[in-house]
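Q: Residue numbers (numbering that gives the first Met the number 0), protein chains in the order written: chain V, 0 to 286; chain S, 0 to 262.
FYI, nobody ran anything at the bench for these hints, they're computed from the structure.
One thing to keep in mind: the hints can contain errors.
Claimed, not checked - Taking lysine to aspartate or glutamate pairs in the DMTMM-like style, the calculated list, with each CA pair at most 20 Å apart, reads:
| no. | chain 1 | residue 1 | chain 2 | residue 2 |
| --- | --- | --- | --- | --- |
| 1 | V | K63 | V | E239 |
| 2 | S | K7 | V | E97 |
| 3 | V | K68 | V | D255 |
| 4 | V | K68 | V | E239 |
| 5 | S | K232 | S | D57 |
| 6 | V | K102 | S | E252 |
Unchecked claim - Quick list of simulated restraints, FRET-style, between CB atoms:
| no. | chain 1 | residue 1 | chain 2 | residue 2 | range |
| --- | --- | --- | --- | --- | --- |
| 7 | V | P183 | S | T178 | 48 to 54 Å |
| 8 | S | Q175 | V | L281 | 42 to 48 Å |
| 9 | V | K102 | S | S129 | 53 to 59 Å |
| 10 | S | P95 | V | I33 | 19 to 25 Å |
| 11 | S | G65 | V | V29 | 31 to 37 Å |
| 12 | V | F78 | S | N44 | 40 to 46 Å |
| 13 | V | F61 | S | S227 | 36 to 42 Å |
Glycine included, C-beta positions come from ideal geometry on N, C-alpha and C.
Residue-level listing of the chains:
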Amino acid sequence: MAHASLETRENRRAWGFVTPALLWTIAFFVIPFIVMAAISLATRKGREIVMAWNFDNYIEFFEKAHLLKGLFVSLEITFTVTLISVILAYPLAWIIAERVPQKWQRMALIMAILPFWTSYVVRSYSWLLVLAQNGVINNSLVYLGVISEPLELASTRSATVIGFVHFFVMLLTLTIYANLVQMPPNYRRAAADLGANGFQVFWHVVLPLTLPGIMVGAFLTFVLCIGDYITPQILGGNNELALPQVIMLQLGRRADFPMAATLSIILMGVVTLAYIACARWLRMERT
Amino acid sequence: MISSRISKLLSWSYLIALYGFIFLPVAVLVLFSFQDGRLPVPPFNGATLKWYGEVFADSRLMSALGNSLMVAIGSASVACVLGFCAAYGLARFVLPASRLQRGLLIAPMTVSYLIIALGLLTTFNWIGVSLSLWTVGIGHVVINLPLCFAIIYASMGDHQKNIERAARDLGAAEWQVMTQISAPMLMPSILAAFFLSVTFSWDEFIIAFLLSRFDVTLPVEIWSMLRSGLNPKTNAVGSVVFLVSVALLLLLELIVFRRTAKK
Numbered sequence: 000m001a002h003a004s005l006e007t008r009e010n011r012r013a014w015g016f017v018t019p020a021l022l023w024t025i026a027f028f029v030i031p032f033i034v035m036a037a038i039s040l041a042t043r044k045g046r047e048i049v050m051a052w053n054f055d056n057y058i059e060f061f062e063k064a065h066l067l068k069g070l071f072v073s074l075e076i077t078f079t080v081t082l083i084s085v086i087l088a089y090p091l092a093w094i095i096a097e098r099v100p101q102k103w104q105r106m107a108l109i110m111a112i113l114p115f116w117t118s119y120v121v122r123s124y125s126w127l128l129v130l131a132q133n134g135v136i137n138n139s140l141v142y143l144g145v146i147s148e149p150l151e152l153a154s155t156r157s158a159t160v161i162g163f164v165h166f167f168v169m170l171l172t173l174t175i176y177a178n179l180v181q182m183p184p185n186y187r188r189a190a191a192d193l194g195a196n197g198f199q200v201f202w203h204v205v206l207p208l209t210l211p212g213i214m215v216g217a218f219l220t221f222v223l224c225i226g227d228y229i230t231p232q233i234l235g236g237n238n239e240l241a242l243p244q245v246i247m248l249q250l251g252r253r254a255d256f257p258m259a260a261t262l263s264i265i266l267m268g269v270v271t272l273a274y275i276a277c278a279r280w281l282r283m284e285r286t
Numbered sequence: 000m001i002s003s004r005i006s007k008l009l010s011w012s013y014l015i016a017l018y019g020f021i022f023l024p025v026a027v028l029v030l031f032s033f034q035d036g037r038l039p040v041p042p043f044n045g046a047t048l049k050w051y052g053e054v055f056a057d058s059r060l061m062s063a064l065g066n067s068l069m070v071a072i073g074s075a076s077v078a079c080v081l082g083f084c085a086a087y088g089l090a091r092f093v094l095p096a097s098r099l100q101r102g103l104l105i106a107p108m109t110v111s112y113l114i115i116a117l118g119l120l121t122t123f124n125w126i127g128v129s130l131s132l133w134t135v136g137i138g139h140v141v142i143n144l145p146l147c148f149a150i151i152y153a154s155m156g157d158h159q160k161n162i163e164r165a166a167r168d169l170g171a172a173e174w175q176v177m178t179q180i181s182a183p184m185l186m187p188s189i190l191a192a193f194f195l196s197v198t199f200s201w202d203e204f205i206i207a208f209l210l211s212r213f214d215v216t217l218p219v220e221i222w223s224m225l226r227s228g229l230n231p232k233t234n235a236v237g238s239v240v241f242l243v244s245v246a247l248l249l250l251l252e253l254i255v256f257r258r259t260a261k262k
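Taking the hints into account, I'd like the entire structure generated from these sequences.
A: Following this line, the structure appears as structure tokens:
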């Protein structure tokens, strides 16, 4: 009996510790999300928002080509970026883990992710310096006489992809490196002893063992990439809009909160689907 | 022998090529912040500190820098305190639905900043809260709280639990245990959480952009500078922002990781 009352008292005290953080999360994350979901079911009359409680905005999304296209542009960019980043980052992580002497590895890794800490806006601007019509690449090539007219590098999808790949190569190098060094060296030695050549060891032993780590990194890339507004806005220009740009457009010129909310919910839905696919794949991998 | 030499050569070329790719934009940014001319592109005309002078003489930029520091330190402190208390409560006591609680606290980490910002914006609009640095700070606590909670929660082991129990047996009150025993023991991870939060808030754009009105943070001010196109002054302020972030990380490395390494 005495024990039970002590438990209750302890519990009450414990709630005191947890409640502030829980309340904060509920007030400024859960409730805003519910409000946004509700607003996505409203319509806009002039500048007034009228609760209609219907799915007209969602239907409109699938009917209007320029809205739907935003999602496809975003998906295409995100898949391209994820694929290229993994392909570029894996060898880099591998070389740092295998070829760079042990005592330099930490330094090599810190160097590889240092520009990670330039802010979003500044990083995209830096790429603009490189890719702009009078930027570093064009000016150098013209000066060297390789080309006579500057190339159209900025304000293209390629520019967006380059800006993204730059960021995610750093992120993925970190996650893949962590995976590679965790792998016991015996596995590879065993495979080599059994007569596998370098490529076979990599293909049949190293790659499958690091695949879960790659998937986690790729998922992170997917989530961060598909929700980013800055990179496509600064580097991609206005020729084709990614979904976050379309969302911001609803807010800016038209103050169409219901449509912005609808698009956000759809964006979240896509991320959730990706999460489910990734989680299911990882579970399959484990069994 | 030859094939191993070739593979070594290939490895090092690849390493250098990728480092080149990773550092290219930062190098260009910093180099042309010293450009003696009106355009931050080649040819490099010679070095000047003129643009840094202009940055530090620009009252809008300086007040944005002050705002950024204020929001970053303020929101990181709140996120750290809330995160630490929650981690303490969940790691040290048996609470109902603790898995659900942990999940709820981590949840904002899985949602795009854009969506968090939009949710807060619609809600603030709806209840008539006017936008200010306070609303930006609230948003930044939302994104940093999961991070602080996760880092501090992960570092709470059984080893500290026994010391805490000893303190309790010796008559320490719960708040004394928390502030005088647990907090000092967990200081490395608390500091790590704090510095990371400061860096994230310092760099964050979309929440600061959507939830601020007249007083803005530095990334938002830089964003509005971009409208004037390529400009060495933007390079200079970008280099300053980068330098501050790197300094914060160095501080983290020196204070936190060196100390833990020594132990």
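Q: Which earlier hints turn out false for this structure, listed by number in ascending order?
A: 7
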